[in-house]
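Chemist: The opening position of the sequence shown corresponds to residue -13 in this note's numbering, with each subsequent residue numbered one higher.
Treat the hints with care, since some could be wrong.
As the list claims (entries may be wrong) - With beta-carbon atoms standing in for the labels, derived distance ranges:
hint, residue 1, residue 2, range
1, A59, G17, 29 to 37 angstroms
2, T65, F41, 19 to 27 angstroms
3, L30, S10, 16 to 24 angstroms
Claimed, not checked - Quick list of in silico lysine to aspartate or glutamate cross-link-like pairs, EDC-like style, CA-CA up to 20 angstroms:
hint, residue 1, residue 2
4, K12, D(-8)
5, K55, E34
6, K55, E43
7, K23, E11
8, K48, D(-8)
9, K12, D33
I should point out that these hints are in silico values taken from the structure, not numbers from a laboratory.
Heads up, the beta-carbon is just placed ideally off N, CA and C, and yes, glycines get one too.
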Amino acid sequence: PLLNADYIVTNRNRLPAIVKYGMSEKIWVNGDHYQLKMPGNPQLTLDEITAIVNFVEFRYAKSTRLMPKDSVALLLNDTI
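Required output: the full structure, derived from the provided sequences and hints.
Modeler: Pasting the structure below:
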């Protein structure tokens, strides 16, 4: 349920941590709720996480804003 997903737009700053650490809480996406465990990917590098976040935003949220690597690093540090 990612295409045009409101969750991506409203939770942009959480995306790096979700990619790296995963998530298991219930979320609402375009009016539907989901509670499936998404495993983290702690082995990914900062460059890889940045690329994934930017791809997801570009492809599924139709965003043209890139999240810089330094912003991804700051957001990941804020979740520790």
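Chemist: With reference to the structure, classify each hint as holding or not holding.
Modeler: Evaluated hints:
1. For the pair A59 and G17, the beta carbons lie near 33 angstroms from each other, so the given range of 29 to 37 angstroms is met.
2. At roughly 20 angstroms, the beta carbons of T65 and F41 sit within the given window of 19 to 27 angstroms.
3. The supplied range of 16 to 24 angstroms is met by L30 and S10, whose beta-carbon atoms lie about 19 angstroms from each other.
4. In summary, the hint linking K12 to D(-8) is supported, as the alpha carbons are separated by about 15 angstroms, within the 20 angstroms threshold.
5. Straight-line distance between C-alpha atoms of K55 and E34 comes to about 10 angstroms, which keeps the hinted pair within the 20 angstroms bound.
6. At most 20 angstroms may separate the alpha-carbon atoms for a hinted pair to count; K55 and E43 meet this at roughly 14 angstroms.
7. Restraint check: the Cα-Cα separation between K23 and E11 comes to about 8 angstroms, which is no more than 20 angstroms; the hinted pair holds.
8. The straight-line distance between the Cα atoms of K48 and D(-8) is roughly 11 angstroms, inside the 20 angstroms bound, and the hint therefore holds.
9. Restraint check: the Cα-Cα separation between K12 and D33 comes to about 28 angstroms, which exceeds 20 angstroms; the hinted pair is violated.
Consistency with the previously given hints fails for number 9 only.
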